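Asker: Here is what each chain is made of, one letter per residue.
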Amino acid sequence: MRRLLGSPALGAAVFAAGLLLAWQVLVDQKLISPVFFPSPSRTLEELWDQVASGRLWDPLAATTLRMFYGFALASLLGVVLGAAIGSSRTAREFLAPLLELMRPLPASAIIPPAILFFGLSAKMATIVIAFGAIWPVLLASVHGFANVERLLQDLCAALRLSRRDYLLKVAFPSAMPDILAGARVSLAIALILAVVTEMQASQPGLGQNILLAQRTYRSPELYAGVVTLGILGFLINRLLLLIERRVLRWQAAQQ
Amino acid sequence: MTRLLRGTAIPLLLIISWEIFSRTGSLPMDTFSRPSAIVAAGASGLADGSLLTATWQTFEAALTGFAIAAVLGIFFGVVLGLAPRLEAIVGPSIDALRPIPAVALIPLTLLLFGFGLKMEASVIAFACLWPILIVTVVAVRGIEPRLIEVSNALELSFAARMRKIILPAALGRITVGLRVAIGISLVVAVTVEIVLNPRGLGYTMIVAQQQLRSDLMYAQLVWLGLLGWGINALLERAVSRWPGAGVPGSDA
Amino acid sequence: MPVQMKEDRAVQAAPARGAAVPAVSVRGVSMAFGAERKGPEVLADISFDVGEGEFLCIVGPSGCGKTTLLRLLSGLIRPTAGEIHFHGQRVSGTSRDRAIIFQDYSKALLPWRTVAGNISLSLEACGVPAPERSGRIRALLAKMGLSHTARHYPNQLSGGMQQRVQIARCLAQQPKLLLMDEPFGALDALTRQKLQDEVARIAGEQRTTVVFITHDLEEAIYLGDRVIALASNPGRIAEMVEVGIARPRNQLETREDERFLAHRHHLFGLLQDASFSP
Numbered sequence: 009m010r011r012l013l014g015s016p017a018l019g020a021a022v023f024a025a026g027l028l029l030a031w032q033v034l035v036d037q038k039l040i041s042p043v044f045f046p047s048p049s050r051t052l053e054e055l056w057d058q059v060a061s062g063r064l065w066d067p068l069a070a071t072t073l074r075m076f077y078g079f080a081l082a083s084l085l086g087v088v089l090g091a092a093i094g095s096s097r098t099a100r101e102f103l104a105p106l107l108e109l110m111r112p113l114p115a116s117a118i119i120p121p122a123i124l125f126f127g128l129s130a131k132m133a134t135i136v137i138a139f140g141a142i143w144p145v146l147l148a149s150v151h152g153f154a155n156v157e158r159l160l161q162d163l164c165a166a167l168r169l170s171r172r173d174y175l176l177k178v179a180f181p182s183a184m185p186d187i188l189a190g191a192r193v194s195l196a197i198a199l200i201l202a203v204v205t206e207m208q209a210s211q212p213g214l215g216q217n218i219l220l221a222q223r224t225y226r227s228p229e230l231y232a233g234v235v236t237l238g239i240l241g242f243l244i245n246r247l248l249l250l251i252e253r254r255v256l257r258w259q260a261a262q263q
Numbered sequence: 002m003t004r005l006l007r008g009t010a011i012p013l014l015l016i017i018s019w020e021i022f023s024r025t026g027s028l029p030m031d032t033f034s035r036p037s038a039i040v041a042a043g044a045s046g047l048a049d050g051s052l053l054t055a056t057w058q059t060f061e062a063a064l065t066g067f068a069i070a071a072v073l074g075i076f077f078g079v080v081l082g083l084a085p086r087l088e089a090i091v092g093p094s095i096d097a098l099r100p101i102p103a104v105a106l107i108p109l110t111l112l113l114f115g116f117g118l119k120m121e122a123s124v125i126a127f128a129c130l131w132p133i134l135i136v137t138v139v140a141v142r143g144i145e146p147r148l149i150e151v152s153n154a155l156e157l158s159f160a161a162r163m164r165k166i167i168l169p170a171a172l173g174r175i176t177v178g179l180r181v182a183i184g185i186s187l188v189v190a191v192t193v194e195i196v197l198n199p200r201g202l203g204y205t206m207i208v209a210q211q212q213l214r215s216d217l218m219y220a221q222l223v224w225l226g227l228l229g230w231g232i233n234a235l236l237e238r239a240v241s242r243w244p245g246a247g248v249p250g251s252d253a
Numbered sequence: 102m103p104v105q106m107k108e109d110r111a112v113q114a115a116p117a118r119g120a121a122v123p124a125v126s127v128r129g130v131s132m133a134f135g136a137e138r139k140g141p142e143v144l145a146d147i148s149f150d151v152g153e154g155e156f157l158c159i160v161g162p163s164g165c166g167k168t169t170l171l172r173l174l175s176g177l178i179r180p181t182a183g184e185i186h187f188h189g190q191r192v193s194g195t196s197r198d199r200a201i202i203f204q205d206y207s208k209a210l211l212p213w214r215t216v217a218g219n220i221s222l223s224l225e226a227c228g229v230p231a232p233e234r235s236g237r238i239r240a241l242l243a244k245m246g247l248s249h250t251a252r253h254y255p256n257q258l259s260g261g262m263q264q265r266v267q268i269a270r271c272l273a274q275q276p277k278l279l280l281m282d283e284p285f286g287a288l289d290a291l292t293r294q295k296l297q298d299e300v301a302r303i304a305g306e307q308r309t310t311v312v313f314i315t316h317d318l319e320e321a322i323y324l325g326d327r328v329i330a331l332a333s334n335p336g337r338i339a340e341m342v343e344v345g346i347a348r349p350r351n352q353l354e355t356r357e358d359e360r361f362l363a364h365r366h367h368l369f370g371l372l373q374d375a376s377f378s379p
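Residue numbers (the numbering used here), protein chains in the order written: chain A, 9 to 263; chain B, 2 to 253; chain C, 102 to 379.
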């Protein structure tokens, strides 16, 4: 019991609860405006209402699917292109500057051209998400495929492994840690762009919901939406970490 | 030398064929524009100052947000880094706030501040705060314990301790976090401007798109890319000259 | 250990004159790196033969080009001058008949595959169908004393075990030539001795031709039928010595054998000079 009382987990919970309580009191005492800072109880109430009535699921699904499709497309293309570019010295020399130029470009900057081409549509959203999310995983794949351990390359040459076998059995698993690290960033970008494109193009989803909530001054709904997005962000990161741990379980194995 | 030539070959080829196909009519002007028009639009944008004004607006927001995040992040990072028990208590709350995508705060800050600089800077500050905070905590944790003992023995005030011992020792790692944060600040700034804030480069791009001025829009895009690349290059150069690297007690 | 006739292999140490084609024939091989291969020569005018079933040790100071020579023999790189022949055929690339064991075992094994998976790679490369593989893997594991590690990952094993896995993987290729690049250099003395004896045993059983590179003079004399001492800068043959000690050899007795000590004395001085000679 003593251990529990002194444990950091309890302390953390008390701290968090304390913050929320302070906020609640400030709102109840009208020290801060409930229009801009709805109380935690109101926000929770709204969130619960959305879950219970089922209003949450459609926009949540819309955002999640949008993000996921864009991410999947970006990852597939990113790994395939990354493999092709990374494992060929010539390709790297020709394409490296172009890739480096794209690296610092904000993904959202592609939105205005995308609107020109595709209008304010779901198609525009998918393309923006895929285009924005591809860079981290592409660059990581190029790096991974370009940096296969020299001895392993020699081994494959000595065994006369076919190019296909080399790429699938050696280069790809070797690049996996890099690819997964890039994928995590890509997924985060996919989520951001999903929200952004929803706001931009009025596509159904959590992003559009919180923008509408702001326009109509429904702040509990706004905050509930932000909380939902935070939870979504947390869950997908966890999921990817779990996948990473499973795929890379050989890394954790120690003597 | 061949590597340089090879690297520029494809971009040059793309630009030339873009120009040619545009002039032959295969690529419609209002969506594709052409390199010559883009350069012209860019030049005139620079000349009449509109590009620079927009750039300054974006920078203003990015720097403001970054500065807020840096001050808060480093301060709390040092505090939490020096007091692991405190960090254990506050940590989970931080971990709960961190996964919120900064862009989700756009409607929120709009509600609080309306359009303009404040709202944009707040979103940027939120986005930049976490990397700086986390890196600072790690950096402070990594300081040679003996240095901290020395600072205690000398009975320095908190401010003096920060200034003379803690910050210099942790600086190397912290600057890495700051570099990442600057990159984030620019990206978030442009994003907020594209989505709804009527100021800065992002906004000018949306306006150009709405006016079907594809040449101007692409010029701004290229300008943005050059800025991002230039800032990255500058940062890398600055960091390598930073005195923080090589200070005993930090493994910068 | 099976009882073996103490055959005196001194007669077979050098390739018999006028007899069958030597397993490996190196003629006037030079190797230069750098831009357009005009840089300083790492190896200069190396010539020697390796007989069928012979265990040849090449010893020399660091930087004398031993590893380069091994990579040339495997076909991973091509010489700037001269020719290498394997069973009468010109070496112009790699071949599964020539297996190479690298010194840095931690980097030469696939960390994401288990021990069994690593050995399987060779079998897959050789086109062995899946049903047959597990049986072969099991046999190889048993042969190298690795049966209990089949499902382990390389980074869970000690250095000696990892090197055993590498050897097992090479044996899976059923190579005619075994090229070993200072395989025991990073291991502790006890493990090294155990593995030395294992390699000697396996090579003897299969009658595999072995070219074994080391900087450890005693290891070279202990293991080899013949020892080539390389000088450095550039790498060239300083001396070729017939070991002439009967097999099977013994860590204790062989190392006290008068011939062993004689070779050691003789080559020791040579190598000391060789490491300083221009």
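Heads up, some of the hints might be wrong.
Unchecked claim - Just a few of them, taken from the derived set where beta-carbon distance is under 10 Å, the chain B residues facing chain A: (1) Ile-17; (2) Ile-69; (3) Val-72; (4) Leu-73; (5) Phe-77; (6) Leu-111; (7) Leu-113; (8) Gly-203; (9) Tyr-219.
Said to hold, decoys possible - Per the computed footprint, the stretches of chain A lying under chain C, defined by three or more beta-carbons under 8 Å from a beta-carbon of chain C, are: (10) 23 to 32; (11) 140 to 147; (12) 232 to 244.
Said to hold, decoys possible - Here are a few chain A residues that sit away from chain C, every Cβ distance over 12 Å (derived from the structure): (13) Leu-39; (14) Ala-60; (15) Asp-66; (16) Ala-69; (17) Leu-73; (18) Leu-89; (19) Phe-102; (20) Gly-127; (21) Ala-130; (22) Thr-134; (23) Gln-161; (24) Ala-189; (25) Leu-256; (26) Arg-257.
Think of the hints as simulated: they come from the structure by calculation, not from any bench.
Everything numeric in this text was worked out from a predicted model, so none of it was measured.
We put the CB at the ideal spot given by N, CA and C, even for glycine.
Asker: Are the hints correct? Go through all of them and say.
Answerer: Cross-check of the supplied hints:
Evaluation of the Ile-17(B) hint against chain A yields a violated restraint, the C-beta minimum of about 15 Å exceeding 10 Å. For Ile-69(B), the interface hint is violated, the least distance from its beta-carbon to any beta-carbon of chain A being 19 Å, above 10 Å. The restraint placing Val-72(B) at the interface with chain A is violated, with a minimum CB-CB distance near 21 Å, outside the 10 Å limit. At a threshold of 10 Å, the smallest CB-CB gap from Leu-73(B) to chain A is about 16 Å, leaving the interface hint violated.
Annotation: Phe-77(B) was flagged as interfacial toward chain A, and the flag is violated, the nearest CB pair being 14 Å apart, outside 10 Å. A distance limit of 10 Å between C-beta atoms decides the matter here; for Leu-111(B) the minimum to chain A is near 6 Å, and the interface restraint holds. At about 5 Å, the closest approach between the beta carbon of Leu-113(B) and any beta carbon in chain A falls short of 10 Å, and the interface hint on this residue holds. Contact between Gly-203(B) and chain A, as hinted, is supported at the beta carbon level, the nearest pair being about 7 Å apart and thus within 10 Å.
For Tyr-219(B), the interface hint holds, the least distance from its beta-carbon to any beta-carbon of chain A being 7 Å, beneath 10 Å. Here's how the stretch 23 to 32 of chain A fares: 0 of its residues keep a CB closer than 8 Å to some CB of chain C, so the rule of at least three is not met and the hint is violated. Only residues whose beta carbon comes within less than 8 Å of a beta carbon in chain C count, and the stretch 140 to 147 of chain A has 0; fewer than three means the coverage is violated. Taking a C-beta to C-beta cut-off of 8 Å, the stretch 232 to 244 of chain A contributes 0 residues in contact with chain C, too few for the three needed, and the coverage statement is violated.
Chain C leaves Leu-39(A) outside its interface by the beta-carbon criterion, the shortest separation being 58 Å against a cut-off of 12 Å. Its beta-carbon lying about 46 Å from the closest one in chain C, Ala-60(A) satisfies the requirement of being farther than 12 Å from that chain. Residue-level check passed: Asp-66(A) sits 41 Å from the nearest beta carbon of chain C, beyond 12 Å. The claim that Ala-69(A) is not at the interface with chain C holds, since no C-beta of that chain comes within 12 Å of its own (minimum 35 Å).
For Leu-73(A), the non-interface assignment is confirmed: its Cβ lies about 32 Å from the closest Cβ of chain C, beyond the 12 Å cut-off. The beta carbon of Leu-89(A) sits about 22 Å from the closest Cβ of chain C, which is more than 12 Å, so the claim that it is off the interface holds. For Phe-102(A), the requirement that its beta carbon stay farther than 12 Å from each beta carbon of chain C is met, with the minimum near 21 Å. At the 12 Å boundary, the C-beta of Gly-127(A) stays outside the reach of chain C, the nearest C-beta of that chain being 45 Å off.
Distance check on Ala-130(A): its Cβ is at least 39 Å (rounded) from any Cβ of chain C, clearing the 12 Å threshold; non-interface status holds. Thr-134(A), annotated as away from the interface, keeps every beta carbon of chain C farther than 12 Å; the closest lies near 33 Å. With a least CB separation of 10 Å from chain C, Gln-161(A) falls inside the 12 Å interface cut-off, contrary to its annotation. Every CB of chain C is more than 12 Å from the CB of Ala-189(A) (nearest about 15 Å), matching its label as outside the interface.
Non-interface status of Leu-256(A) relative to chain C is broken: a Cβ of that chain comes within 12 Å, the nearest being about 8 Å off. Remark: the non-interface label on Arg-257(A) conflicts with the geometry, its nearest Cβ contact in chain C lying 8 Å away (cut-off 12 Å).
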